[in-house]
Amino acid sequence: MPLNQAMSICKNSHQWVHAMTQLRHVFEQTIRPDVFSYNAVIVACLRGRAWKHTLALLSSMAEVEVQPNTNTYNATVGACAESEEWKVALVLLSEMEGARVKPDVVTLNAVISSCPTSLNETRE
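Okay, so the sequence shown: first residue is 9 according to my numbering, each after it adds one.
Treat the hints as calculated values from the structure; they're not laboratory data.
Remember, predicted model here, so these are calculated numbers, not experimental data.
Misleading hints may appear alongside valid ones.
Lysine-lysine pairs mimicking DSBU-like chemistry, simulated, CA-CA at most 30 Å apart [said to hold, decoys possible]:
#1 K95 / K60
#2 K95 / K110
#3 K60 / K110
Please work from the sequences and hints to get the whole structure.
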């Protein structure tokens, strides 16, 4: 079974732990994962509410010279939004410019939805 197909199965079934394990095995076999492999694992982490893992995966992409795309950031920002990590979501939006990745409406909606709804929440 091709790598990206296996990653998509993990993504669709919310099996982020298995997806992370598969990605580790890929590195052990010296197969180079691409942006689609990473995106599938990041989405699996998003669905598994593992937002810190999405950040780690995004960070590790630079180490193996895989360029994140808008979908990569959308899933990572979405994971932060679902976990109410609005400050991290704002940092990611800023990082997109440096990475020359253009945010789309999905990115912006995720960032907006992550932001606190009242001034009291920002004082934490």
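Hint by hint, here is what the structure shows:
Of the supplied pair hints, the one linking K95 and K60 holds, its CA atoms being roughly 13 Å apart against a limit of 30 Å. Our distance criterion of 30 Å between C-alpha atoms is met by K95 and K110, whose separation comes to about 19 Å. As the CA atoms of K60 and K110 are separated by approximately 23 Å, the hinted pair is consistent with the 30 Å bound.
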